[in-house]
Amino acid sequence: MIVELLTVPAIILILGALLLPLIPERIRSSAFLLFPLAALGVLWSLPEGSLLQLPFASYELHLLQVDRLSRIFGTIFVMITFIGGVYAFHIKDVGQQSAAMAYAAGALGVTFAGDFFTLFFFWEIMAATSTYLIWARKTEASDKAGMRYILVHAFGGGLLLTGILLHLSSGGSFLIENIEETYTMASIFMLTGVALNSAIPPLHAWLADAYPKATITGAVFMSAFTTKSAVYVLIRLFPGWDILVYWGVAMALYGVVYAVLVNDIREILAYHIVSQVGYMVAGVGIGTEMAINGTTAHAFSHILYKSLLFMGAGAVIHATGKSKLTELGGFAKKMPVIVGLYMIGAFSISGFPFFNGFISKSMVVSAAGYAHFETVMLLLILASIGTFLHTGLKLPYFTWFGEKKSEFDVGKVPINMKIAMGFGAFFCTLFGVYPALLYNYLPYAVDYHPYTIYHFVEMMQILVFTFIGFWLLRKKLEGTPTIAIDTDWFYRKPAAAVRYLLVEVPNNLFGVAEKVALSAADKLSGLSKNPMQYLLPSFVHEGRTVKSDGFSAPMGAALAFILFGFLVASLVVLL
Amino acid sequence: MKTWHWIALGVVFLISLVLEFGFMEIKSPHWWNHIPAFYAIWGFIGCVAIIYISKWLGKLFILSDEDYYDR
Numbered sequence: 001m002i003v004e005l006l007t008v009p010a011i012i013l014i015l016g017a018l019l020l021p022l023i024p025e026r027i028r029s030s031a032f033l034l035f036p037l038a039a040l041g042v043l044w045s046l047p048e049g050s051l052l053q054l055p056f057a058s059y060e061l062h063l064l065q066v067d068r069l070s071r072i073f074g075t076i077f078v079m080i081t082f083i084g085g086v087y088a089f090h091i092k093d094v095g096q097q098s099a100a101m102a103y104a105a106g107a108l109g110v111t112f113a114g115d116f117f118t119l120f121f122f123w124e125i126m127a128a129t130s131t132y133l134i135w136a137r138k139t140e141a142s143d144k145a146g147m148r149y150i151l152v153h154a155f156g157g158g159l160l161l162t163g164i165l166l167h168l169s170s171g172g173s174f175l176i177e178n179i180e181e182t183y184t185m186a187s188i189f190m191l192t193g194v195a196l197n198s199a200i201p202p203l204h205a206w207l208a209d210a211y212p213k214a215t216i217t218g219a220v221f222m223s224a225f226t227t228k229s230a231v232y233v234l235i236r237l238f239p240g241w242d243i244l245v246y247w248g249v250a251m252a253l254y255g256v257v258y259a260v261l262v263n264d265i266r267e268i269l270a271y272h273i274v275s276q277v278g279y280m281v282a283g284v285g286i287g288t289e290m291a292i293n294g295t296t297a298h299a300f301s302h303i304l305y306k307s308l309l310f311m312g313a314g315a316v317i318h319a320t321g322k323s324k325l326t327e328l329g330g331f332a333k334k335m336p337v338i339v340g341l342y343m344i345g346a347f348s349i350s351g352f353p354f355f356n357g358f359i360s361k362s363m364v365v366s367a368a369g370y371a372h373f374e375t376v377m378l379l380l381i382l383a384s385i386g387t388f389l390h391t392g393l394k395l396p397y398f399t400w401f402g403e404k405k406s407e408f409d410v411g412k413v414p415i416n417m418k419i420a421m422g423f424g425a426f427f428c429t430l431f432g433v434y435p436a437l438l439y440n441y442l443p444y445a446v447d448y449h450p451y452t453i454y455h456f457v458e459m460m461q462i463l464v465f466t467f468i469g470f471w472l473l474r475k476k477l478e479g480t481p482t483i484a485i486d487t488d489w490f491y492r493k494p495a496a497a498v499r500y501l502l503v504e505v506p507n508n509l510f511g512v513a514e515k516v517a518l519s520a521a522d523k524l525s526g527l528s529k530n531p532m533q534y535l536l537p538s539f540v541h542e543g544r545t546v547k548s549d550g551f552s553a554p555m556g557a558a559l560a561f562i563l564f565g566f567l568v569a570s571l572v573v574l575l
Numbered sequence: 001m002k003t004w005h006w007i008a009l010g011v012v013f014l015i016s017l018v019l020e021f022g023f024m025e026i027k028s029p030h031w032w033n034h035i036p037a038f039y040a041i042w043g044f045i046g047c048v049a050i051i052y053i054s055k056w057l058g059k060l061f062i063l064s065d066e067d068y069y070d071r
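Protein chains in written order, with my numbering: chain A, 1 to 575; chain B, 1 to 71.
Errors might be hidden in some of the hints.
Derived, one-sided and incomplete: chain B residues facing chain A with beta-carbon distance under 7 Å [what the hints assert, rightly or not]: (1) L9; (2) L14; (3) S16; (4) F23; (5) S28; (6) H30; (7) P36; (8) Y39; (9) G46; (10) C47; (11) I51; (12) S54; (13) W56; (14) L60.
None of these hints come from the bench; they were simulated from the model. We put the beta carbon where it would ideally sit given N, CA and C, even for glycine.
One chain only, chain A, in its complex shape (with noise of 0.2 Å):
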């Protein structure tokens, strides 16, 4: 059996989490790397079907669950661990490196999860993990925004494990299947729940609000992880569900208009991660198979360019210690490589021929017209437009190009960060490059070709023409010291007020009663002490006082004798 165990990719990984607090700091960043290598190839070596079942009270879990589907989804989860491990090959906190392989190992297994229960376990190890990458950061507003990103999570698992009771309860699978498009409680709680994770507005303040606030290098994991596995359960659960087109394409647009105003870059980034996972949810939503196929792929190109976004912007800062507009500009020339591996990010999420972003971009939009939704294909070119106009000018301009505005030193940024980076970058160009590298092993067979004229023009024009206007309107995006209220505002801006009514009123009722109960029982025991004390107070009486609380010896024992022939009496009564 535990032979058995590791042939799942996420126990390949969380074996790994286990056993690199053991390993020595000098050689636990290398042996980092060995983990998503060694699952990578057994993921690759598996057949198709569940491969391995485990009992579980009555149910059978499926830990296992193999086919296209989750062997492309699953590679793409393996490649980015391995990057982001070369990544942060000098980082030396274990607690990072570990909450980074089992956050990994979260994904994975909810990639290859077969039944509910396993996926609603490996969701859960993705929460708890990822906070840690963002509490790592050790600021006091990392501290915060952590704390604020577990409860969110909390609240989102909630919502999906009451879809997955209320779901079994009433009779359905407990195995993963398409959900018909019924609105029931059970799958309102489910999609809900998965929405949040899938940074659906307007459950998604939470991604904008901790992925700028994480460690560099935690940053890079968490673009890549949360959202996509979230995708990938909407297309396991979800496919065809009217619902998502519409909600895709707000959120498509949505990150467009809050990445104009944002003034952090890895805010910005962290905007265009909801807005490109619009594309995947219309794709979704569309849910035919050259959709789902262009879902697919976009989730793989999305990871590969938009890690190498964070890592770029994870650059800036390790180098300079700044990460907003206002206070960035003009150093390109001391960061040439850096500049030159982000903007093959930037390229490949524009769209730009020859760059992943183009082979699966295209695929999503397509779909939509060929699906007849053509307002939808509109507004998803004008998403492309905001995307190239935010990560693809303004970032780079105004982080680099332009003015330098406040003062910084530049320094060195790690060699293996750069190579990380170009990594990313590579991949980036060679599926640009290769489409069927990527089309051969999607969900369905392929029958969409990205290098058309149609194609090529579209992009030109829309390119060359943003380009235009973002040069001529250029002033109006610079950065401002700002901040966007975003929908966290709704458990942000009333925790003081909730704190005050929850917290310190009832604290402050408590104090109240509690110095009352106090001061009533002194006096009470005051009182018992000597009751006379207050029954007949003290006099004066021809000049002197007269203390009538006083203890007088003979009156006392004339009582002590009264008392004690009661007693003597009863005594002989009663025997």
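Since the structure of chain A is already known, use the hints to place chain B on it.
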């Protein structure tokens, strides 16, 4: 932007026009395919609209001071 940058952009746009009117096949026709250089127009209008609408929304209710949540 130097002059040659603008010339390069113009050349790329011209090539796209030549391809559009000379060689382009439309497999899945949409209403906008009848508008010449539609994607150029959409690119420019889209870019301008995104900037202005976002900025307007920002002023309307989205943007706030950096210490907004600490107050």
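Against the structure, the hints:
1. The beta carbon of L9(B) is positioned within 7 Å of a beta carbon in chain A (closest approach about 5 Å), and the interface hint is therefore held.
2. About 10 Å separates the beta-carbon of L14(B) from the nearest beta-carbon of chain A, more than 7 Å, and the hint is not met.
3. Here the hint on S16(B) is kept, as its CB sits about 4 Å from the closest CB of chain A, short of 7 Å.
4. Annotation: F23(B) was flagged as interfacial toward chain A, and the flag holds, the nearest CB pair being 5 Å apart, inside 7 Å.
5. Look at S28(B): its Cβ gets to within about 5 Å of chain A, closer than 7 Å, so that hint holds up.
6. A hinted interface residue such as H30(B) counts as satisfied when its beta carbon comes closer than 7 Å to some beta carbon of chain A; here the least separation is about 6 Å, so the hint holds.
7. Interface restraint check: P36(B) against chain A, minimum CB-CB distance 11 Å, threshold 7 Å, status violated.
8. A cut of 7 Å between beta carbons decides the hint on Y39(B): the least distance to chain A is about 4 Å, and the hint holds.
9. With a least beta-carbon distance of about 4 Å to chain A, the hint placing G46(B) at the interface is held under the 7 Å criterion.
10. At a threshold of 7 Å, the smallest CB-CB gap from C47(B) to chain A is about 3 Å, leaving the interface hint in force.
11. Given the 7 Å rule on beta carbons, the hint for I51(B) holds: about 5 Å separates it from the nearest Cβ of chain A.
12. Of the supplied interface hints, the one on S54(B) holds, with its beta-carbon coming within about 4 Å of a beta-carbon of chain A, less than 7 Å.
13. With a cut of 7 Å, the hint placing W56(B) at the interface with chain A is violated, because the nearest CB-to-CB distance is about 10 Å.
14. Because the smallest distance between the Cβ of L60(B) and any Cβ of chain A comes to about 11 Å, over 7 Å, the interface hint for this residue is violated.
Checked against the numbered hints above, the structure violates hints 2, 7, 13 and 14; every other hint is satisfied.
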